[in-house]
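Chemist: Work out the full structure, taking the sequences as your base and the hints as a guide.
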Amino acid sequence: MPTPQLGVCYYPEHWPETLWAEDARRMREAGLSLVRIGEFAWSRLEPTPGDLRFGWLDRAIETLAEAGLGIVLGTPTATPPRWMLARHPDMLAVDAQGRTRKFGSRRHYCFAHEGYRAEAVRIAGLLGERYGRDPRVVAWQIDNEYGCHDTVESYSPAAAAGFRRWLATRYGTIAALNDAWGNVFWSMDYASFDEIDPPNLTVTEASPSHRLDYRRFLSDEVVAFNRAQAEALRAHTDAPLIHNYMGRIVSFDHFAVGHDLEIASWDSYPLGFLEDRVDTHEERRRRFARQGDPDFQAFHHDLYRAVGRGRWWVMEQQPGPVNWAPHNPAPLPGMVRLWTWEAIAHGAEAVCYFRWRQAPFAQEQMHAGLLRPDSAPAPGLAEAAEVAAELGDLPETGVSPVGLVFDYAAAFAWEIERQGTECDYFRLVMDVYRTLRRAGLSVDIVPPDTADLSPWRMVLAPGLVTWPAALRDALAAYDGAALIGPRTGAKTRDFRIPDALPPEVPGLDLRVARVETLRADCPVPLADGGAFRFWREYVEGDAPVLERCADGAPALVGSQKRAYLAGWPDDAALDRIVRRFAQAAGIETLSLPDGLRVRDRGGMRIVTNYAGEPMALDGIVPGFTGTLPPAGVAWGTRVG
Amino acid sequence: MPTPQLGVCYYPEHWPETLWAEDARRMREAGLSLVRIGEFAWSRLEPTPGDLRFGWLDRAIETLAEAGLGIVLGTPTATPPRWMLARHPDMLAVDAQGRTRKFGSRRHYCFAHEGYRAEAVRIAGLLGERYGRDPRVVAWQIDNEYGCHDTVESYSPAAAAGFRRWLATRYGTIAALNDAWGNVFWSMDYASFDEIDPPNLTVTEASPSHRLDYRRFLSDEVVAFNRAQAEALRAHTDAPLIHNYMGRIVSFDHFAVGHDLEIASWDSYPLGFLEDRVDTHEERRRRFARQGDPDFQAFHHDLYRAVGRGRWWVMEQQPGPVNWAPHNPAPLPGMVRLWTWEAIAHGAEAVCYFRWRQAPFAQEQMHAGLLRPDSAPAPGLAEAAEVAAELGDLPETGVSPVGLVFDYAAAFAWEIERQGTECDYFRLVMDVYRTLRRAGLSVDIVPPDTADLSPWRMVLAPGLVTWPAALRDALAAYDGAALIGPRTGAKTRDFRIPDALPPEVPGLDLRVARVETLRADCPVPLADGGAFRFWREYVEGDAPVLERCADGAPALVGSQKRAYLAGWPDDAALDRIVRRFAQAAGIETLSLPDGLRVRDRGGMRIVTNYAGEPMALDGIVPGFTGTLPPAGVAWGTRVG
Amino acid sequence: MPTPQLGVCYYPEHWPETLWAEDARRMREAGLSLVRIGEFAWSRLEPTPGDLRFGWLDRAIETLAEAGLGIVLGTPTATPPRWMLARHPDMLAVDAQGRTRKFGSRRHYCFAHEGYRAEAVRIAGLLGERYGRDPRVVAWQIDNEYGCHDTVESYSPAAAAGFRRWLATRYGTIAALNDAWGNVFWSMDYASFDEIDPPNLTVTEASPSHRLDYRRFLSDEVVAFNRAQAEALRAHTDAPLIHNYMGRIVSFDHFAVGHDLEIASWDSYPLGFLEDRVDTHEERRRRFARQGDPDFQAFHHDLYRAVGRGRWWVMEQQPGPVNWAPHNPAPLPGMVRLWTWEAIAHGAEAVCYFRWRQAPFAQEQMHAGLLRPDSAPAPGLAEAAEVAAELGDLPETGVSPVGLVFDYAAAFAWEIERQGTECDYFRLVMDVYRTLRRAGLSVDIVPPDTADLSPWRMVLAPGLVTWPAALRDALAAYDGAALIGPRTGAKTRDFRIPDALPPEVPGLDLRVARVETLRADCPVPLADGGAFRFWREYVEGDAPVLERCADGAPALVGSQKRAYLAGWPDDAALDRIVRRFAQAAGIETLSLPDGLRVRDRGGMRIVTNYAGEPMALDGIVPGFTGTLPPAGVAWGTRVG
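Residue numbers (numbering that gives the first Met the number 0), protein chains in the order written: chain F, 0 to 639; chain E, 0 to 639; chain X, 0 to 639.
It is worth saying that the hints were derived from the structure and are not from the lab. Careful: at least some of the hints might be erroneous.
Stated by the list, open to error - Calculated pairs, DSSO-like style, for lysine-lysine (alpha carbon to alpha carbon, straight line, at most 27 Å):
{"#": "1", "chain 1": "E", "residue 1": "K101", "chain 2": "F", "residue 2": "K101"}
{"#": "2", "chain 1": "X", "residue 1": "K560", "chain 2": "E", "residue 2": "K101"}
{"#": "3", "chain 1": "X", "residue 1": "K101", "chain 2": "F", "residue 2": "K101"}
Note that the structure is a prediction, hence the values are computed from the model and not measured.
Modeler: Dropping the structure here:
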């Protein structure tokens, strides 16, 4: 496998042309070999409709490439110019409260608007035509951060019309829809598809089937929007197409988008995310304020490796304080290096820092770059250069011993039918993922359409509310250790409780008779320690009981090869259960303290210390000795 | 008095017709004798305008009645079908933020819309015509849960127009309105009724008189809507008319609606209510998470007994977890029985469980029934059957020793002029009610238009901001112990401070010179223990002082026969004051620990244990011995 | 200097004419000599358009003046009558969510609406014509509490149109605007001014330059609205023009409004403000619940003395509980006197109580007056009379030893780019102001356009994000002790980071290389004790280091004559730093416990006790002995 590359996001249109060459030289000097450009530059590429100005971009590519940088060129469709509004006055999204989301920042378009989609295809095609065969352009980025700022959700007239068409296609007849949605329930029957609105602003909640279909429709529109651009580019280029996803966005099916692209990437902002996207308590947020959550990035690295079918990048890596979180501290010295190594440990082909030079103007002027606004080096630059110097050929990433299923359809379902305040699919999956990390295990994220689970010795699939058909078949044929539940198969594809009751696990005589949700201060203790929290199921059937609640009810049923978890275990319970299964599956586990983390890349083991204090390695990570300083990274051959 | 009946809510339109007979048989087998049907079925009764389909309903009634069940038939006006919108596009309510509340769930109508009201009368009349003289239909339910989902409040054009008419009727001339509202205050004078809008979206708060009149108008529209249907039915039937109210809804005058109906009923969801409608602290919410608040249901039982002028039901009784609260745990085993007994102890003629079989589709599929979706018995079924077996002839409910006045007008007033964050009328009344329950006292709720208080040995009337004229006269003639205040008579009917200052209590020389509200951490200690919290008044006059604040100011003035409370006492102070008055009135009190409760029905005493642990009865409840297990119910003859 | 005057706000239109003379007599009897009237009376002065009714006002002035009261006459433009809406249907403000703010309370106009502005000028001119030369009218109040209820902010069509004109004037060409705002950033370039909207409802935040210009525009509209009325009055009168500002409103530049008026005044509600406008913790809020914050009023007294260029009043002084805060307790006995003395200590020419008699109707009927609604004296009356009896000729206020710069432009900047939840300009300035009060120092607020700082021995200028040009020059020439930072000069006037990096302090070789914001639980300790909280800067340059962070980074750099603070110090750090600088500047400091405060007026020292317990003065305040009771005030000659 080739050495991972480092790169940087650059905005030639923000700077005098006279600066470009020197910037390029300094990028190379720091060991960077990639530069992403162009993704917000539409108003400079086409200042008025049809007036195309590629000259500056030609010169920027020329200058950057000449210095030895590979160009990643973005389509600028996340930032339609102001004149676009005159051509498509109804292209703006409408929020759930019915307010039109106006021009003046970015992502101001509704994915379902066909006129705007055509414009996006047009500009992508023009860029493809001009640069698609240019060898200096080594990859393409389509649009930017789908879903950021809640932009998948839209209740615009365009979305309403699209939804009606989508429903007509899906159901054929209105009677089929009425039946599927259970519209008899509150006399909600429709006489025609034209009568159906998006499910917002109803008096109390709309039917969950209605809401689920709306989410699916919105997700499909993202896929279609992306695919349209991908096809426009593909006509002109063989370079890989990429999108840069975000952290903890579950408003569309990233796997489906990913199918139309060669590489997945994401934008990794550990400190910003810790403040507003990580489920944890305040004391832990304080503890990792300058390091970020030790598992949140790792999870997304694994997720996007799956979305990219093995090929993935970090397209934007936080290099210093950001500007958009409730608080924006500076990283602990060394963390930029650590974050980069964490990505590489997970198999990133490239890590690009965002951004080269801090902008002294507009919305993100408080967002650090590798350079300060006065072009002096910011602290991140030296750390990037340090990583660049450390990198060499690395082993192939390979397959991890553990597979963890992640399914956007499940996220939709949990959000639509939360049933308990804390009940969130992402949170549940992260609880399991953290447990695996505490155990020192490397993990692959498994898409729900996976037909063959044999690569993994152990597979976990928590919270799959709707059974992915392929996965259920794969599980039936699977010989490894499979741990599923809670809530598996709780709903049919139409969001109904299955006639025979869930979970309908192949080979397990088991029914979830009823469920309850729990206040955070009302956990249900388990007989072997720990407890269920938030979510609990009462199961029946002949499947053997592996663990019980303290009140005697089954908590874990089945076998070490195929077990169902009848609740949401707390950390103590998860640690025990996961270790037991891993042991039975022949997977060795560690007991890592909070902050110390391990990731294997082939036979190489990378150890990272997210803690603010040194961490002893002896007896903790086999084959490693001494202590790792705060923000320290160590690597060596995997032992054991 | 006949034995109370048990029943269940059933939706024949949700199930294959082939299931009906077996369902009916099982209902009877469980000891149920009532079945409520039809209240959400409009789209199946009239799929398109004028196309009436009574056939299935005929057959459902036939099947259910044949099994021995009495039918309670609902008018389906809480769920107008989608085609209604085409006929009356402006029938939807508009929320305080100006957003139209759309179709897609239920209760999507504005009470003030005359076109929709006519439709409601039409369908009620059609149902009355067909089933009004049918002896199998033993009672009628009109609409469903007025006010649920904040649906009394509407700022629609229909409401605005209705409000103007209402004002013109009330005031006659605009000058009278300007004077009554004090519009001179901020140059808010109107030249005609047409200029007046609902009081939403004003820059700062609108005049309290304006807001109070709007609340009265909205309440009157509920009354008128209900009355119109009642009249349409009454033309065809002699069966009792019922509405099923909700818990802690004070947006309309339930007594006024109740005057047009024979029986009051309410929908009792103890666990859901504990999470989102009970004022208590988190530790207590945890303690009773599986039992519900020990006093909240009891209060509503007493309230609706008053609304029904003695005749009342629980129309929907929670039988297991619900789906709509922040957390939805399962009840402690035995609680379904206990809740049913609590209702019966308070004189319920019938208790119907909601619902028969858990629906596997639509909005409430996570709401338990007596059956699971797969038709197996859910835990509630056995408990219902247990109560059915226990029931026999019971004594008449009779009059309680204590009367507690509850007045929706007071609730309007406190909400409009809160003055302190915690100052809420319902909360104040519940504080008093809980005190009475801790003292083991059975309570009657006294409507504000009560002209004769002599049935009760003690009457409490906290927080009556506007003096109900009849009650003031009744109090003047009352010979029992009357405890009133705080805030009594603080406003005239036009929401002005009376010229002579409140409270204008007959026979008490007393004036509230001024008031203040208190932070929760700034209580005002009383000399005899406990404190005033939230609300405090400074009074003057020659009335004797019974208790003083620690700072010497009068806290309780008057006599043991007629006293005024110049503040909001905390629990310790309430316990002492209520006991003193009860003692003086010759009423024996108990000292019940939290969770243990007593209710008398004639000479019968029912004891319930809401606690999660056993409760000793010896020395606590005279005549009862031993311990009562968690969720336990005991009954016997009242002693002492 | 003449003896300060006491006065009261009175609404003759609220009361029968027969009461006026007796009211006037009692005002005089209490020692009051001023009466403010008329500011909400438009609907009674002009019930229908053009139908002017000055008769009652003539008689009110006659009656009040005859009793010996000077009249302060208000223009009634804060309360346009209902008919105004018919003439100018689009005059209403629109909030940030796009909702029109309706008629029914007060301040229901958009400052940018030209039609309404003309009406305001018309009524002001008519009043001026009639009463401008009347010697009984001793002063004029224009409008009432600009900005109260968030009324500066408006996104109405009138505001949008005005904003476009304002931008065109400011930038000349759209290219200049695009460049200044950095619109290249996200392709936000405009082709014409007509394309620009107010910066609300954008998908994510609009450009800070866009937002800053909108704030400036809105502020300018307030200035223009006020100036138009001032000019209309000035044509007819030589009496001083006044506006009554509010507490902690930073939505417009009060200094700019003040330039068009002779006297500044403000409305001082210490208990209401403590509950909802003071940054402090709950325990302190409890401690001062009946006294108000010991420093909040003092700060505004100093601020408005600056806004009035030395001449200022309290136009409305809280006399008892108010009606609008989350809780509304009564003041501790003596506090009305103390508050009045605090104002006089700061040089108030007049203190008027709001209001004479508590209104028994409309929105503020729970707001205390000097009289109760039944005309009996409320507690405040005696305290007002006590102050009146105590007052005599007092020394000139004079210049304070310390100047503290306050700049509304800085408040705009911090709000637009908060970067950390707690980062608020007003809060930072108050932290510094409190420190000065704890040190017993009297303070002058220094406007940002001050060209000469020599009157003060020490000047502090925290948080001046944009350098006021005059002040920077003044500082360059200043010989006293100047303490600036953090965030000084962080932005250019166009809201960009300056090329050379901030702070560009004359004579200090210093650059802020980068900044970070801190969680409240992540302070950065300083080597000498205390810590930076919320905001921290990393500085570089050759300026000497006076203090360091515990991690060695410079915290305070420069000299005792000119120093820059590289963070937001906590109280402990502020106490030390301010004392060091004061000492170096030859200013003696005290160490006052929380609650005890000192203010000098010329050679006179006024000591106040805000605490709920007595405070010893010996050894605490030189020259004062014994103890001061709660709410006590003492005065004497300043010693030391």
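Chemist: If you check each hint against the structure, which ones fail?
Modeler: The structure conflicts with hint 2 only, although it agrees with all the remaining ones.
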